[in-house]
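For this one, chain A is given, so just place chain B on it according to the hints.
Number of protein chains: 2
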Amino acid sequence: MKFKIKDMDIATGGTLIVLINKSDAAKYDLHAMDRVKLTKGRYSETALIDIGESEKAVPPGIIGLFEEVMHSLKAKSKETVHMRLARKPLSVQFIKKKLDGKTLNKNEIDQIVWDIVHNKLNDVELTYFVSACYTNVVTLKETVLLTKAMAECGDMLKINDYPVMDKHCIGGVAGNRTTMILVPIIAAAGLKIPKTSSRSITSPAGTADTMEVLTNVSIPIKKMKSLIEEINGCMVWGGALNLAPSDDKIIKVERPLAIDAESQLLASIMAKKHSVSSTHILIDIPIGKGAKIESREEALNLKERFEQIGQALKKHIKVIITDGSQPIGNGIGPALEARDVLWILKGDQNQPQDLKQKSVLMAGYMLELAGKSKPGFGYKSALGILESGAAYKKMKEIIKKQGGKNNIKPEDIKLGRYTYKHKASKAGRVAQIDNRIISRIARVAGAPKDKEAGIYLFKHKKHKVKKGEILFTLYAESKEKLRNAIAGLKTQDPYIIK
Amino acid sequence: MKFKIKDMDIATGGTLIVLINKSDAAKYDLHAMDRVKLTKGRYSETALIDIGESEKAVPPGIIGLFEEVMHSLKAKSKETVHMRLARKPLSVQFIKKKLDGKTLNKNEIDQIVWDIVHNKLNDVELTYFVSACYTNVVTLKETVLLTKAMAECGDMLKINDYPVMDKHCIGGVAGNRTTMILVPIIAAAGLKIPKTSSRSITSPAGTADTMEVLTNVSIPIKKMKSLIEEINGCMVWGGALNLAPSDDKIIKVERPLAIDAESQLLASIMAKKHSVSSTHILIDIPIGKGAKIESREEALNLKERFEQIGQALKKHIKVIITDGSQPIGNGIGPALEARDVLWILKGDQNQPQDLKQKSVLMAGYMLELAGKSKPGFGYKSALGILESGAAYKKMKEIIKKQGGKNNIKPEDIKLGRYTYKHKASKAGRVAQIDNRIISRIARVAGAPKDKEAGIYLFKHKKHKVKKGEILFTLYAESKEKLRNAIAGLKTQDPYIIK
Chain A
0 MKFKIKDMDI
10 ATGGTLIVLI
20 NKSDAAKYDL
30 HAMDRVKLTK
40 GRYSETALID
50 IGESEKAVPP
60 GIIGLFEEVM
70 HSLKAKSKET
80 VHMRLARKPL
90 SVQFIKKKLD
100 GKTLNKNEID
110 QIVWDIVHNK
120 LNDVELTYFV
130 SACYTNVVTL
140 KETVLLTKAM
150 AECGDMLKIN
160 DYPVMDKHCI
170 GGVAGNRTTM
180 ILVPIIAAAG
190 LKIPKTSSRS
200 ITSPAGTADT
210 MEVLTNVSIP
220 IKKMKSLIEE
230 INGCMVWGGA
240 LNLAPSDDKI
250 IKVERPLAID
260 AESQLLASIM
270 AKKHSVSSTH
280 ILIDIPIGKG
290 AKIESREEAL
300 NLKERFEQIG
310 QALKKHIKVI
320 ITDGSQPIGN
330 GIGPALEARD
340 VLWILKGDQN
350 QPQDLKQKSV
360 LMAGYMLELA
370 GKSKPGFGYK
380 SALGILESGA
390 AYKKMKEIIK
400 KQGGKNNIKP
410 EDIKLGRYTY
420 KHKASKAGRV
430 AQIDNRIISR
440 IARVAGAPKD
450 KEAGIYLFKH
460 KKHKVKKGEI
470 LFTLYAESKE
480 KLRNAIAGLK
490 TQDPYIIK
Chain B
0 MKFKIKDMDI
10 ATGGTLIVLI
20 NKSDAAKYDL
30 HAMDRVKLTK
40 GRYSETALID
50 IGESEKAVPP
60 GIIGLFEEVM
70 HSLKAKSKET
80 VHMRLARKPL
90 SVQFIKKKLD
100 GKTLNKNEID
110 QIVWDIVHNK
120 LNDVELTYFV
130 SACYTNVVTL
140 KETVLLTKAM
150 AECGDMLKIN
160 DYPVMDKHCI
170 GGVAGNRTTM
180 ILVPIIAAAG
190 LKIPKTSSRS
200 ITSPAGTADT
210 MEVLTNVSIP
220 IKKMKSLIEE
230 INGCMVWGGA
240 LNLAPSDDKI
250 IKVERPLAID
260 AESQLLASIM
270 AKKHSVSSTH
280 ILIDIPIGKG
290 AKIESREEAL
300 NLKERFEQIG
310 QALKKHIKVI
320 ITDGSQPIGN
330 GIGPALEARD
340 VLWILKGDQN
350 QPQDLKQKSV
360 LMAGYMLELA
370 GKSKPGFGYK
380 SALGILESGA
390 AYKKMKEIIK
400 KQGGKNNIKP
410 EDIKLGRYTY
420 KHKASKAGRV
430 AQIDNRIISR
440 IARVAGAPKD
450 KEAGIYLFKH
460 KKHKVKKGEI
470 LFTLYAESKE
480 KLRNAIAGLK
490 TQDPYIIK
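Heads up: the protein sequence lines correspond to chains A and B, in order. Take the first sequence: its letter number 97 is residue 96 in numbering that gives the first Met the number 0, and every next letter is one higher. Take the second sequence: its letter number 318 is residue 317 in numbering that gives the first Met the number 0, and every next letter is one higher.
Next comes chain A alone, as it looks inside the complex:
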C-alpha cells in the first residue's frame, strides 16, 4: 500500500497515529486501532490507524501523519510512504491471558510494562490490562514482578548506604502534612531519606505543592543524589523525575471510571520506593469517614498486602493504621499547610498539636525501624530532635539546597487576600468534620493551583463551640472563587455540631 503524506500539524504527545480515509480503510480491510508499519526510505515506524470519515481530513490515497510520526520518518508533505499491516505488540496476548484469569510470569509482565512505557499499547489495550488486574486475582508474586518491572523501566536512584528510609501515606485526610516534619527529623538523625512526593490529584494540596511554597521541588535525579549524600534528605516532586513512568499512563485510563485496582496501587507505590533504593518504609493508612480507606477491615487487609509485598521485595515495612476521621493540622491548602509545618519545626505557640504528635510518632517508628532507637524509645528520640531545633535547622538546609530562600518566616507566607469566616450555627460539641467536604471547599476556593487559597480550622472534633463562634476561615485569591466556595458551604456543611 502506497500513500502520499499529509502533515496533520498535530502532536498527540504519546501514541503514534496516522489517519487514512474510510474508503482506503475499506479497500485494504483496515480498522481503527490496527497497527501499521510505515516505511519511507531508510526510516520506518509503527503507528495506529485512525479513520477519517470525510474527505476533508484526508482524501483517498492520502495518509495524514501526526507530528510524532512526521518526525520519526523525517517526512515532508507530499512524499510517498509505504504501509503494511504490522504485528500487535507481544504484550497484547499476555493482557488477554490475564483477562482470562490466568497468572502471568516475569517475561510477560516485563513485556507489558515495557510496552506501556514505550507507548506501544493503545488506550483500549491498556484499559483491558487495568480491567483484568481489577476484576481478577493478582497474586503476590505477580504484584512483586509488576513492582520491579515498573521501577526498572524508568530511572533508578542508586544510594550506596543502608538503611534508606521512606514513608508513604494512603491519603484522603486534609492537612495531613507529616512528611515535611518527619523528613527533617529523620535526616537530622543521620539517616538517608530520598523523599519523592506527588502533587495533589483530588485533594487541596500534595506534599509537592506544599513544599513548593518554600522551595523548588523540580529537582533532577543527579541533584537528588548529591543532596542525599550531602544533607541526608530532600523533598522533591516525583512527577519531575522519570521514576516508574508507566504509572501516569495507567492512571490516564483509570481516571474515566475512577478505578483503583489494589494490585496496581500497591505495585505503583512500591515501585516508586524501589526506584529510589528505599529499604525501610513506613506506611500510614488513615481510616475514617471521608478518608480514602473508611473501614478498619479494609485497612487491615491493605496492611497485610503491604507487609507481604514488602517481605517479598526484601524491604522492611511497618504499616500503621491511624485516625483519619477529621483533618489533621489547622491549615488546608499549600500555603496554610506550609505555615503549620514551619510553626511545628520552630516550636511556635501556633503549632497544631495533632499534626505535631502524629509526625513525631511516625518519625519515632521510623527511627525504631532503622534500629536508631530501641523499640519503645523512638517517639522520645524523635521529639528530642524536633524540640532541640535540629529538625528545623535541617529543614532550612533542605529548603536552601533545593533552591529556596534563607530563613523563611511562617508569618511571612502569603495567604489569599479574600477571606470569609465560617461560624457555628448553634452551640454544642463538634461531632464530625468531613474530610471530603473540607477538601472540596478548599479546592473550590482555588487550592492547590492557587497556593494561597485554602481553609484554616479553629475547631477540631470534640471541641465545644458557642453559637456564632468561628469554625474556620476560608482564603481565596479571587472574589469569585471565594463566592463559589461560600456557595458550596451552603449546600453541605463539613461540620456537624451536636
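The list makes no distinction among identical chains, and a pair is therefore deemed to hold if it is satisfied within one copy or across any two copies.
Listed below are the simulated EDC-like cross-link pairs for lysine to aspartate or glutamate, each with C-alpha atoms no more than 20 Å apart in a straight line:
#1 248 to 52
#2 1 to 33
#3 461 to 322
#4 489 to 479
#5 448 to 33
#6 1 to 479
#7 26 to 476
#8 248 to 28
#9 77 to 8
#10 26 to 479
#11 55 to 8
#12 448 to 28
#13 101 to 261
#14 21 to 247
#15 5 to 54
#16 73 to 52
#17 87 to 259
#18 55 to 6
#19 458 to 353
#20 1 to 449
#21 21 to 449
Worth flagging that the hints you see were computed from the coordinates, not collected in a lab.
Quick look at chain B alone, frame taken from chain A:
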C-alpha cells in the same frame, strides 16, 4: 474558561473531540478524556478533551475543534467559545457497577446502550463495559435486557405476520453458504424470512459478500419490508441497515484483543433477529478443528444459553450442532460459493452434495419449527421444494427484486484469471482439511475483497487421493496475490493425507 476557536479540519466520524494545549490543561486541571460542555451563543455541545503537547497544534488560549464539534456549534475559526467541565454520562457509574461484579437492571442497561449508540462514551469507558461483561457473570436476565436495548436503540422492521423465520450460524467453516439455499426454500414454502447477513470479518466470504455476486444487497429497510410482503424472503447486508447499531461500536473495542464476550455475542445475535421481528430461529453451531467452536462441550453450553435466551425473549429457537471439521461445499470465496449455490438450486450435476444435504436438513428443521411440516417430515418437504425447482424460481425472484440480473447462469460467474492447481504430495486418504488455513489462503488470494478470488476444492475428508492428484485450485485476480497465496501454502498445508 474562554477559548478562541481553531478549525482542526479533521472529522473523527464518531466521538466529539476538542484539543487544548497542555499548559491550559495544567492551568484548569483538565485531563485527557475529561468531558467539557462548550457554549457558543445559543449552541452548546459536550466533547472530550484531548491534550496537545506542542504549540504547533494549538497554542495556549486556543481550542482546536474537530469537524463534528465545529458543525454542532456552528463555529468559525477565531470565534470565542466558553468551556466548563461537564458531568460524565450516567452510564459510567453503571459500567463501574458491572465491573465490580454486580447485576444491572433495565434502566442501567438501557442507559449504557443508549450512551454507546449516541457516542457518549469514550473508548476507555466502552472497553471497561466489554471487559466487565467478559470477566464477570452476566445473568440471563441481563442478557435479555441487553438484547432488547440493543434492538430498540436502532431501526426495527415490523412484520405483521406469524411465524417470521430466521437462521444464524456461529461460523468459522469455509464455504458453508447454507443461507442462500434455505432462504429460497423457506420463502417458496410460503413463510416470511427477512434475512440479514454480515460481510466477512475474518473469513473469505460472508453471505452478504456472496449474495452480492448475484445482486444488490444494500437495501433500505422500507424496501426490505415490501420484499417480505411481496415475495416472502430477501437476503440483504445488515451493515447497510441501522439494526442494533451499538454492535459495530462494541466490536471496535473488542478487535484489539480479539475478545468475544459470550453474553455480548448472544445479545448481539438475538438483537439483530429481534429487530427484524423474527419469531422462529434456527441456530447452527458447527464444531470441529479450525471452526469457531472446537469442542462439543462448548457447543452444548452455547446451545443451552441460546435456548434460555430464546425462551426469555418468547422466541421459538432450535439449535443444531453440526460437523464443522472441514469446509462445506467446494467453492470458497464469493464467486465460487455463489456458483455452488446456483448449481444446487438448479440441481446441476456439479452441485456439492454436502452443502446441499446440510441446507435441506436445516430448511427441514425450519419447516418443522414453523409447523409447516410434521416432526420428522421437514427434510422431505424441503427436498421436494428444492427438487421441484420452486426454490430456484424463488431465488431468481429475490435476485431480480433486489436489483440483480435476470437468469444468471452459474457458468457465467467470473472467476479469478490467475490460477494454481495444488496437488497431493503423496497418495493416501484425506485425514483433515483445516478451515483456518483454507480461509487464510483464500484471503491472501484476495477474497472477499476480490470477489473472483478463492479456492475450489476437489477433495473432501475421507476421499482417496493419488500422488499428484489435484486437491484444489486457487483463483486470484492478480499475479502477486496468487504468488502470495502459493507462498502461504508452502508454510502450512491445509490438507493432511494419511
